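Respectively, the protein sequence lines represent chains Y and B.
First residue of the first sequence: 0, per numbering that gives the first Met the number 0; consecutive thereafter.
First residue of the second sequence: 0, per numbering that gives the first Met the number 0; consecutive thereafter.
Just so you know, these hints were derived from the structure itself, not from any lab.
Do not take every clue at face value.
Computed footprint of chain Y on chain B; a stretch qualifies when at least three of its residues, placed anywhere within it, have a C-beta under 8 Å from a C-beta of chain Y [to be verified]:
id, region
1, 111 to 124
2, 203 to 215
Some residues of chain Y that are not near chain B, with every Cβ distance over 12 Å (derived) [to be verified]:
id, residue
3, Q120
4, Y126
5, L137
6, Q159
7, H162
8, S196
Here are the simulated BS3-like cross-link-like pairs (lysine-lysine), alpha carbons at most 25 Å apart as the crow flies [claimed, not checked]:
id, chain 1, residue 1, chain 2, residue 2
9, B, K22, B, K199
10, B, K242, B, K303
11, B, K199, B, K177
12, Y, K92, B, K185
13, B, K113, B, K185
14, B, K199, B, K303
15, Y, K49, Y, K92
16, Y, K92, B, K114
17, Y, K92, B, K6
18, Y, K201, Y, K147
19, B, K298, B, K199
20, Y, K49, B, K185
Computed from a prediction, not measured in an experiment: that's the story for all the values here.
Cβ coordinates follow ideal geometry from the N, Cα and C atoms, glycine included.
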Amino acid sequence: MTKTEFEPAIPSRPVYGVLHPAVGSAHLFVADGEGAGAVCDALTSAPALKAAAHVIYIPGANGSDHTGALQALGVAQFHRAPSFAAALPRLTKVLADAHMGMQIYAAGTEGLMAQVAAAAQAAGLPYEAVQMEHRGSLARRVQCVHCKGVTENVTLDPFQCSHCGLTLFVRDHFSRRLAAFQGVCIDAEDPGQIPASVERFK
Amino acid sequence: MSVGAPKIPVVVAEVIEVNALIKRFRFVRRDGLAMPVFSGGAHVVVEMDDHGTRRMNPYSLMSAPGDTSGYEISVRRDEAGRGGSLYMHNHVRAGMEMVLSQPVNLFPLDARAKKHLLIAGGIGITPFVAQMAQLEAMGGRFELHYSVRSPALGAYVDHLRGRYGARVHVYHDAFDEKIDLANLLKTQPLGTHVYVCGPKGMIAWVHATARAMGWPDRAVHSEEFLAPPVGLAFDVSLAASGKTITVQPNQSLLEAIEAAGVDAPYLCRGGACGQCETDVLRCEGHIEHNDHWLSDDQKASHTKIMPCVSRFRGAGLVLDR
Ligand code: FES
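When you get a sec, could you build the whole thing from the sequences and use the hints?
Structure below.
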């Protein structure tokens, strides 16, 4: 699967580029699902980086798993984690031990990329320091603005909040801090008037 | 016209000769009010009446940001300059009444940084004196690398060493000591931001070295005020106010506009902030763009000018002012 084209939207909606191997003393890649393809493309175009590359990979929620292809790259360090939450302690430790000059790349779903960027910012880096390339599923990570619970892998709009049960309309309004789109109650003014859900984010 | 609050009426409380080239000035308010609190890296524009010529020069504040009893600046004597620093050195005495702008910060610390690496050259030390006081009060992690010509010209070295100890590193040109920048940048923990204030060449060196080592641009901060360059006299038409003025060789376009009684926006008066950006309605000739604000494309298009530092050569220039 190749790079995704996005429709123009409101300014808070992130846009993504293509991973470009950059100069740096170390290279940290974090990818999920189809994002593996972007990592393979980047490292195949710049094989010299492999000796200083660390790849953290999370198979996709939709079942896509490219562990084999990533392992075949022969990078200095490869780590596979079952979920972002499971990978986070490792990511935090790598960031805490790193020096300026390390390049950070994130590829895959928007939720993954945003959480990598948030971790990098918590480590003191500017948002722009993380290169991002969207690949694969458009499923969204959504915060319910009412109960604040986050639901992962939202494909339907509206959808039911997995925490409080309200029916939420998924906005393009995106929070970098929370690494999530915002979901607002769709029938607040006319309770019970709920349009049929459509699969907006595949 | 600067934006925001009214100007600050002050009296010069103290003039101290720091070394052969630098004097420090302390200002307190004439109206008995407290000075506004500022953040480290802020500057004020000092207004001078230099025997009939109005000069307005920006200087970084170096007193402690939370000290509302007065403001301090340091001025380096520039023999080749247009005269602002010479006026401060030769004519300003304790007890004189002067006027300051409100503080404006174009060189703030990024509070999200895990560590602040401060690189100063010569008089570029001044914003860092305030920033270090602020960082010390906040418990922020920092390191200063300060390059001076000689021990005699190392302004505030003893004071800073006394306060901040091993976090202060001093390099003397006279002894061929040079900041080992590549090594310094390589060994910084992730989340470090670097700040540089000093001569043009030093600023360019830090930006270029950091970029070549993979530092994100937004983690590299610099401040360079340009003194308005002198040049040939030229005429300008101000369309909105219906005036045609002549800019003298040692006057900036902004100063000439102000002298004609036309209100024009500014903040830094040094080509850095963007506040004075003005539309060019007609340009028959060549604009000498001296600012750090406009993009190369904007400069080439000759549709915008920064009157605080830029000049013109040619048959006619009409501005929307
Ligand atoms: S006043 Fe700041 S750029 Fe001209």
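Results for each hint:
1. 111 to 124: The restraint on the region 111 to 124 of chain B holds, since 4 of its residues have a Cβ under 8 Å from chain Y and three suffice.
2. 203 to 215: The restraint on the region 203 to 215 of chain B holds, since 5 of its residues have a Cβ under 8 Å from chain Y and three suffice.
3. Q120: With a cut-off of 12 Å, Q120 of chain Y comes too close to chain B, as the shortest Cβ separation is near 7 Å.
4. Y126: About 8 Å separates Y126 of chain Y from the closest Cβ of chain B, which leaves it inside 12 Å; violated.
5. L137: The assertion about L137 of chain Y holds, with a minimum of 28 Å to chain B.
6. Q159: holds, 36 Å
7. H162: At about 29 Å from chain B, H162 of chain Y clears the 12 Å cut-off, so the statement holds.
8. S196: holds, 39 Å
9. B:K22 - B:K199: This hinted pair holds, its Cα atoms lying about 22 Å apart.
10. B:K242 - B:K303: holds, 19 Å
11. B:K199 - B:K177: Status holds; Cα separation ~16 Å.
12. Y:K92 - B:K185: holds, 19 Å
13. B:K113 - B:K185: Distance ~16 Å between K113 of chain B and K185 of chain B Cα, so the pair holds.
14. B:K199 - B:K303: Given that 25 Å is the threshold and the Cα spacing comes to 24 Å, the pair holds.
15. Y:K49 - Y:K92: OK: K49 of chain Y and K92 of chain Y at ~20 Å, within 25 Å.
16. Y:K92 - B:K114: Cα-Cα ~17 Å, so holds.
17. Y:K92 - B:K6: Given pair K92 of chain Y, K6 of chain B is violated - Cα atoms ~50 Å apart, limit 25 Å.
18. Y:K201 - Y:K147: This hinted pair holds, its Cα atoms lying about 24 Å apart.
19. B:K298 - B:K199: holds, 20 Å
20. Y:K49 - B:K185: Holds - the C-alpha atoms of K185 of chain B and K49 of chain Y are around 20 Å apart, at most 25 Å.
Hint check: violations occur at hints 3, 4, 17; the rest are consistent with the structure.
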